[in-house]
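Here's the letter readout for the chains.
Protein chains: 2
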Amino acid sequence: MKLSLNTATVKKQWTLAQIIDGCVRHGIEGISPWRDQVAAMGLKPAVSSIREKGLTVTGLCRGGFFTAKDWRDDNRRAIEEAHALGAQCLVLVVGGLPAGSKDLAGARRQVRDGIAEILPEARKARVPLAIEPLHPMQAAERACINTLEQALDICDELGEGIGVAVDVYHVWWDPKLQSQIKRGGRRIFAYHICDWLVPTRDLLNDRGMMGDGVINLPLIRSWIEGAGYAGFQEVEIFSERDWWQRDPDEVLRTCKERLAIC
Amino acid sequence: MKLSLNTATVKKQWTLAQIIDGCVRHGIEGISPWRDQVAAMGLKPAVSSIREKGLTVTGLCRGGFFTAKDWRDDNRRAIEEAHALGAQCLVLVVGGLPAGSKDLAGARRQVRDGIAEILPEARKARVPLAIEPLHPMQAAERACINTLEQALDICDELGEGIGVAVDVYHVWWDPKLQSQIKRGGRRIFAYHICDWLVPTRDLLNDRGMMGDGVINLPLIRSWIEGAGYAGFQEVEIFSERDWWQRDPDEVLRTCKERLAIC
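Quick note, the sequences are listed as chains P and F, same order.
The first sequence maps to residues 42 to 303 in this note's numbering.
The second sequence maps to residues 42 to 303 in this note's numbering.
Next up, chain P with everything else stripped away, as it sits in the complex (with noise of 0.2 Å):
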């Protein structure tokens, strides 16, 4: 499996056009780009540079937040992006409880009806949507889809166009986490990799590099390519203490030689 580089593991030392200069240099041959450096470098400069570079774009980060007040408008630009970046996948981060809420089922129905929503205009613009579980201690500040499972139900409701994300970090606990990317199949638009942390010392940005946590990582591949994935492997690490301080050209080249242990 190839590499694709998540553009927030180098965001605080690099802008996005280094690090396609970055990926480039090192022979990466994926790049998934967050919506701020994007808007950063310009839409268009951004689009031509990774065309230009023949760099495949795995996913663009991130659609989603449907229970802030401008989810609307916010994903309708977030597909435009993504269409116009050729990204395989929208990647989308469905939002947490809503301000002062306390109820998550009540969120959760919102995310599935912002999702039915925008997908009419995502088929359209031939943009897979892909829904990221994410790991239950984000479910009030950030996703209320918290398994795999729960995002499988809900685009097996929804039909053609939708999928999931799925990243290790998030999933690797899950007691059904084998079953469920057997049913996920054709539906994994997208695969991320890191490592969880022994102890962690934060809730959001405290994400290892492959290897150097308690991620058994090439058991989860094992199961992603039985299930018929053939994409890129897509590293995305936040990590505040340690990979965001270092030369960013060495966290490039550490990815590329842990790619063999995943």
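These are calculated hints, taken from the structure and not from any lab test.
Hints may be right or wrong, so weigh each one.
If several chains are the same, the list does not tell them apart, and a pair holds so long as it fits within one copy or across any two.
Once the Cα atoms are required to be at most 27 Å apart in a straight line, the calculated DSSO-like pairs of lysine-lysine come out as [what the hints assert, rightly or not]:
id: 1; residue 1: Lys143; residue 2: Lys43
id: 2; residue 1: Lys110; residue 2: Lys165
id: 3; residue 1: Lys52; residue 2: Lys297
No experiment lies behind these values; they were computed from the predicted model shown.
Following the hints, put chain F in place on chain P, whose structure we already have.
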């Protein structure tokens, strides 16, 4: 539902003897001690004092850690202590990955086998064992049983004398919570409450007082009662920065007050 105090809630401020007195002073009728606090007081004095004050022992914390080396002896002692204390259950925090291991499925088998091995002794001592599914963020370090569904599958497999402790902190996010509580029925041996803070700053010791977070406690309680649970609500708050720093009488008073909104 009556209130029980899990002694961890004021463990930084008070000894077990002080906590027992505190419960009496505040009209709290249940207590769930941790074994290190029982050991510090001495088992016999603890048993005498709790009996004399007429407190109900809603649980003993904890047995488990079946992936650690001394699990057999440790769980035997825990069962004896729970028996001596007349505890309504022995809470099992089952243990995470063995040191250096990435074999989560193997750890889970080890846990199931360990429970199966101690279960006859627990039955003989009439000590119900309560598996406590822990939040997925604790899968590596503390417990590889992470959903109520997973815990109940083990209960179904092992038969009588084994059930679950439902702690809202660990399960509130679960899309299958309502259906699994219903399934749990008379297998629910304990019900623990606190709250999930936004933001949560630590994976272990940043729990909130009921009402300070985002968990819909009355809703979950209605499910628990609907399943036939007629025991205590046990408050268990690990809070390094807040509640462990306060006057313990204030903590107990607040627990009692907040019960009205649980």
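Should Lys110 paired with Lys165 be assigned to within, between, both, or neither, using CA atoms and 27 Å as the limit? Answer is within: at 24 Å inside a copy they meet the 27 Å cutoff, but 58 Å across does not.
How would you label the pair Lys52, Lys297 (within, between, both, or neither) given a Cα cut-off of 27 Å? within (18 Å within a copy, 47 Å between copies)
Can you give me the call for Lys143 and Lys43, within, between, both or neither, at a CA distance of at most 27 Å? between (42 Å within a copy, 24 Å between copies)
Comparing the model with each earlier hint shows no violations; every hint is respected.
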